[in-house]
Amino acid sequence: MSPTTLYEKIWQNHVVHEEPGKPSLLYIDRHLVHEGTSPQAFAGLKAEGRKVRRPDLTFAVMDHSVSTTDRTLPILDNDAKLQFEALERNCRETGVRLFDMNSKHQGIVHIIGPELGITQPGQTIVCGDSHTSTHGALGTLAFGIGTSEVEHVLATQCLVQSKSKTLHILVHGKRPKGVTAKDIILAIIGKMGISGGNAQVAEFGGEAIRALSMDGRMTVCNMTIEAGARAGMIAPDDTTFAYLEARPFVPRGKEFQAAVDRWKTLKSDDGAKFDATIELHADQLAPQVTWGTNPGMVTSVNGRVPDPHDFRDLNDQKATESALKYMGLKPGTPIVDISVDRVFIGSCTNSRLDDLRAAAHLLAGKHVAKNIKQALIVPGSRGIKAQAEKEGLDKVFIAAGFEWRDAGCSMCIGMNADVLPPHERSASTSNRNFEGRQGRDSRTHLVSPIMAAAAALAGHFVDVREFDVAHVE
Amino acid sequence: MQPFTTHTGLVMPLDRVNVDTDQMVPKQFLKCLTREGFGRILFYDWRYLPGEKPNPEFVLNLPRYKGASILLARTNFGCGSSREHAPWGVKDYGFRAIIAPSYADIFYNNCFKNGILPAILTEAEVDQLFQHTESEQGYSLSIDLPTQTIKDAYGHIYNFEIAPSRKEVLLKGLDDIATSLLHADSIATYEKSHPSAATMFDPVDIKNYR
Ligand code: SF4
Numbered sequence: 402m403s404p405t406t407l408y409e410k411i412w413q414n415h416v417v418h419e420e421p422g423k424p425s426l427l428y429i430d431r432h433l434v435h436e437g438t439s440p441q442a443f444a445g446l447k448a449e450g451r452k453v454r455r456p457d458l459t460f461a462v463m464d465h466s467v468s469t470t471d472r473t474l475p476i477l478d479n480d481a482k483l484q485f486e487a488l489e490r491n492c493r494e495t496g497v498r499l500f501d502m503n504s505k506h507q508g509i510v511h512i513i514g515p516e517l518g519i520t521q522p523g524q525t526i527v528c529g530d531s532h533t534s535t536h537g538a539l540g541t542l543a544f545g546i547g548t549s550e551v552e553h554v555l556a557t558q559c560l561v562q563s564k565s566k567t568l569h570i571l572v573h574g575k576r577p578k579g580v581t582a583k584d585i586i587l588a589i590i591g592k593m594g595i596s597g598g599n600a601q602v603a604e605f606g607g608e609a610i611r612a613l614s615m616d617g618r619m620t621v622c623n624m625t626i627e628a629g630a631r632a633g634m635i636a637p638d639d640t641t642f643a644y645l646e647a648r649p650f651v652p653r654g655k656e657f658q659a660a661v662d663r664w665k666t667l668k669s670d671d672g673a674k675f676d677a678t679i680e681l682h683a684d685q686l687a688p689q690v691t692w693g694t695n696p697g698m699v700t701s702v703n704g705r706v707p708d709p710h711d712f713r714d715l716n717d718q719k720a721t722e723s724a725l726k727y728m729g730l731k732p733g734t735p736i737v738d739i740s741v742d743r744v745f746i747g748s749c750t751n752s753r754l755d756d757l758r759a760a761a762h763l764l765a766g767k768h769v770a771k772n773i774k775q776a777l778i779v780p781g782s783r784g785i786k787a788q789a790e791k792e793g794l795d796k797v798f799i800a801a802g803f804e805w806r807d808a809g810c811s812m813c814i815g816m817n818a819d820v821l822p823p824h825e826r827s828a829s830t831s832n833r834n835f836e837g838r839q840g841r842d843s844r845t846h847l848v849s850p851i852m853a854a855a856a857a858l859a860g861h862f863v864d865v866r867e868f869d870v871a872h873v874e
Numbered sequence: 150m151q152p153f154t155t156h157t158g159l160v161m162p163l164d165r166v167n168v169d170t171d172q173m174v175p176k177q178f179l180k181c182l183t184r185e186g187f188g189r190i191l192f193y194d195w196r197y198l199p200g201e202k203p204n205p206e207f208v209l210n211l212p213r214y215k216g217a218s219i220l221l222a223r224t225n226f227g228c229g230s231s232r233e234h235a236p237w238g239v240k241d242y243g244f245r246a247i248i249a250p251s252y253a254d255i256f257y258n259n260c261f262k263n264g265i266l267p268a269i270l271t272e273a274e275v276d277q278l279f280q281h282t283e284s285e286q287g288y289s290l291s292i293d294l295p296t297q298t299i300k301d302a303y304g305h306i307y308n309f310e311i312a313p314s315r316k317e318v319l320l321k322g323l324d325d326i327a328t329s330l331l332h333a334d335s336i337a338t339y340e341k342s343h344p345s346a347a348t349m350f351d352p353v354d355i356k357n358y359r
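Top to bottom, those sequences are chains A and B. So the first sequence is numbered by the working numbering: it starts at 402 and just counts up by one. So the second sequence is numbered by the working numbering: it starts at 150 and just counts up by one.
For reference, chain B alone in the conformation it holds in the complex (with noise of 0.2 Å):
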């Protein structure tokens, strides 16, 4: 996984609550096979009229947003299905870094798997945000993910806060998976020691239960 350690980036504002899941990824989509190719259709449904005309007054297609790799968005991003393609298309768009009040429990657990630093900031400063973003064309903000800050060019800082195991994955570009396989020894004594739990009974006719 790509490492996230300093990024800066031009923003762009999404200003809605509870964007949802399926709004990021439409259904039709989650019949693909890869990971790959998500960024083309992050927020179809208002992104593009009917056709794939883009819709003029979508954010993500004013021209002063092209380009923008730190998405900013209100409370409880992400909420609704687990569908990891959410982030693979805030990623493959090129969004590195998202700056929100709250998210979705899952949306949030996704983001650390594909190197996306989900910043989280009070409403209050998320509103100034949203402020400057909206009244200044091209702003930018700089995200240091080892102090924990975010800065502008006019000497704003704001400060996040991030669980300490969650920041080393994704300063490290740490692989989950790797790294629990080195408690092999772990897993096999635990399903030793609890066969109840880890064991399935099989039916006496498997063959009908396929």
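Just chain A, with the same shape it has in the complex (with noise of 0.2 Å):
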């Protein structure tokens, strides 16, 4: 047999029916959903009298809404109550599995998936997010799709799809310190454009990738969506299987090493052949920021503001123009004397147990510039919150000027009130920099943890090098 890539064994694996020239029927193994995308595929159902045809195999959780303050307090904001409502019932009456907002379960859907260990090596998992892209941390593939998509799924357990092309993302060499998995993925952006990996599959290999932690791996498929691409991937090796390891909704003893046996057979063969590679050095890297309105218009820290004439391409010149009128920035401007107004540390990308040890690794002790209006640390999963808590983490964000937050998804898409003012700007450790993403005309430049804790700490954007960071991943 010649060698196939992780991608085609996972899939060949899941091929409920095939025909020459026509997409394949793909069974799907988790299905995840949230409030925002599924009352409508929920409504089509029922309009056309179908059932969920495997609600164990399918989880809810309401994140992107929620509040991160109170919970106990009403809602005021009626039409996120209305959604609520629509998930609650949905869920009750299809016998969907709710983590609803007073779970101590409840986070972020792609960080609670893995977290709870629903999310386990070599599955199809779908939800309709385009961010589902992190579950390919732990060796599944997995990807983001539409309503109408999310209403299949539901109906069929299954998905239409045509075969991807593969793209082989290999990261040599070491990380420096300060340069985080955030910062890879961001560069990656930078190099391929934000369609450069279009519908095209990912899967993310060497050294720098395989010394990545669990979180560090999630934080680097996240963002491959941001690069056009359908789906990112890391073969699980034993840093996945050690994070795995007794999560409620994996199989304990005899059934876990069985598990791991199968877990194991999951990588490309050597000699498997990708439609395309891209190759990085680690080693090269700065810590990154992007300065413009797409997660492709990065820099390094070192690095200057942009001007449209750089640009050889019309598009590409018209687009920087319009990008910097909105970012309010000039061409040239230092990165480091950007000021910032507002912190946010959170989102699917960088909301786990690392990203909030190394903040608090970096703020201990210090406090916020006074220029900082807000600094928000809103963990992923009230589990991450929970352990966070157990650690004194909570204590040291508070004490350094942050506020501590419930779990969510917050300002990196402000559906709740945790929103961005109109022509501030913010350095937060989310995926898009969209225009109006964070909250209309709002400016918002990408970075990791530890470049928001820095940026929080000088009131503008400074190399995280420069700090005390030897000790953090």
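Hints listed in this document are in silico derivations from the structure and should not be mistaken for laboratory results. It cannot be assumed that every hint is accurate.
Label pairs and their in silico Cβ distance ranges [stated by the list, open to error]: (1) P295/B <-> P424/A: 19 to 27 Å; (2) R189/B <-> E804/A: 44 to 52 Å; (3) G304/B <-> D738/A: 22 to 30 Å; (4) G304/B <-> G422/A: 27 to 35 Å; (5) K482/A <-> G304/B: 55 to 63 Å; (6) E486/A <-> D334/B: 43 to 51 Å; (7) D334/B <-> H824/A: 55 to 63 Å.
Okay, derived cross-link-like pairs now, DSSO-like style, lysine-lysine, Cα gap no bigger than 30 Å in a straight line [what the hints assert, rightly or not]: (8) K316/B <-> K719/A; (9) K482/A <-> K180/B; (10) K215/B <-> K665/A; (11) K423/A <-> K215/B; (12) K592/A <-> K447/A; (13) K300/B <-> K447/A; (14) K321/B <-> K566/A; (15) K410/A <-> K321/B; (16) K215/B <-> K447/A; (17) K423/A <-> K180/B; (18) K655/A <-> K341/B.
Predicted model only: the values in this text are computed from it and were never measured. No residue lacks a Cβ here, since even glycine has one placed at the ideal position from N, Cα and C.
Both chains come to you apart, so use the hints to assemble them.
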């Protein structure tokens, strides 16, 4: 048999039906659902008199619009309230397990999947959310779908799919201190452009990827979609197995051992062919900061805001011009001269324990700068929140002038009260800096958690390598 | 779903690369429970000034493009969020087809679920269409899906590629779910032969995991 990629192996293992010249029917092992993109799917299902085929493989959670402050208070946003009620009703009627906003396991959908062990190597996972690519960090084929497809998966537990092209992204060498998983993926997006990976399935490999913790790997796969790719994946290894052991939905004892033996076969064979390969050297990377209105508009912290004329392509010139106008930036400005109004550490990209620990290490005994109007830390899940509090991280954050919040999407998307006001500038650990993403006319700069923490202390962007980051991962 | 065979209509140019779905339907409208009514808020932040006053500079508000039903766009149209609210908005506004050099993956998929044709032409052809549209008021195109051609009144003809299976979905207005359910037996067989993938290990104390 010819050598195959991890993607092809998982694909082959999930084909329910195929015909030449047609897309295949692919089985979906886990379907994750949130309040934002599911109501129309449940309604469509009901209207057609169809049932949820596998409620036991479907998991719902409230994350996008939930309050990150006191949840015992009444929900003032009536639209959000109606959406929560709809999800509750839909789950009750169909038998889908729901982690509602008061569950101790509640959190951002892409955080709790791996955290609870719902996500396991070799699975196919979908969710009506583009950052489903996150789950690929555990060696799954995971991608975002639209609401019509959510309805399709609810009804059939399958998805109609055509095979994607494959992309091998190799990150060689060792990360210098102060350079995180976030910087690796931002640099990759900067290199590929935001449509560079269009519809492809990327597999990450190389020394720098292997050296990442699971939390870091999830950060990398999370933002694969920002390069346009359908999915990102990392073959499971001992780091993965150790992470999964004893998580609630992971089998125990002998069954776990059997699972690990199966999972060990999940890797691309030597000599497997990818449609394209991209290589990067981690040792040459510096901390990254976005300056524009998409994640590909990124440079090193020691760089400068570009001039539209730096670009040869006319469309790029226009895009840069309009991005700088929106962002209120002048060409040539050193990144470290850009001051920041608010800091947001959170989102499914960077709200896991590693992120919080690293930020806390940097912030311990220090205080945010005077010009910072708000500094928010929003843990990705209530599980992470509880663990962070056990470690005393909350106290460090609060002493440093940060607000310590309850779990949810928060200012990543601003669907609850956590909105970045017009013309204000954030240092944000989230994944999108599109116009209006964090709030109308708001200005987002994407950075790593330690870069965000450092910006909070300095009041402007600053090279985190100047801080004590020796023990920071 | 409404089938798509041929369509003739006024073209509206949106001269921006990488238009993301956050721009098409901003987050505050993701709290709706139905698929309807998104046309009114399509491109909300560009289209309306604070107070929902129409922004006279935005192309959608120019009188000459009133009633447009073909959206002419640039590369990587529909990138970002998977929200199907974006194609719902495109359709509800009255667009039946989009013409662009490329689309983001999820948005492209979502179009077919909603009877919208996302036609792909080369960048040079799209450039040409931008010129035609901007220089001539009332510039219209006729799209013929069976022959995969786009024509204007001056004899310009453009051919576009589309996967045969996608074409069939649009031509027949197929309901994907009904088609897939024809394979219910195969799905059941799959589930029996792949127990480890398709079953859920339940934690000992399920109640704790609500
Ligand atoms: S944290 Fe942001 S990117 Fe992640 S699921 Fe929530 S809204 Fe989407």
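How the hints compare with the structure:
1. P295/B <-> P424/A: 19 to 27 Å: holds, 20 Å
2. R189/B <-> E804/A: 44 to 52 Å: At roughly 36 Å between Cβ atoms, E804/A and R189/B fall outside 44 to 52 Å, so the hint is violated.
3. G304/B <-> D738/A: 22 to 30 Å: violated, 56 Å
4. G304/B <-> G422/A: 27 to 35 Å: holds, 34 Å
5. K482/A <-> G304/B: 55 to 63 Å: Holds, since K482/A and G304/B (Cβ atoms, about 57 Å apart) stay within the stated range.
6. E486/A <-> D334/B: 43 to 51 Å: This hint is violated: roughly 37 Å between Cβ atoms.
7. D334/B <-> H824/A: 55 to 63 Å: Since D334/B and H824/A have Cβ atoms about 59 Å apart, the given range 55 to 63 Å holds.
8. K316/B <-> K719/A: Distance ~34 Å between K316/B and K719/A Cα, so the pair is violated.
9. K482/A <-> K180/B: holds, 9 Å
10. K215/B <-> K665/A: Violated, at roughly 59 Å.
11. K423/A <-> K215/B: Measuring from Cα to Cα gives roughly 39 Å; hence the hint is violated.
12. K592/A <-> K447/A: Violated, at roughly 45 Å.
13. K300/B <-> K447/A: violated, 41 Å
14. K321/B <-> K566/A: The hint holds at about 28 Å.
15. K410/A <-> K321/B: Status violated; Cα separation ~33 Å.
16. K215/B <-> K447/A: Roughly 36 Å between the alpha carbons, so the hint for K215/B and K447/A is violated.
17. K423/A <-> K180/B: violated, 35 Å
18. K655/A <-> K341/B: holds, 22 Å
Checked against the numbered hints above, the structure violates hints 2, 3, 6, 8, 10, 11, 12, 13, 15, 16, 17; every other hint is satisfied.
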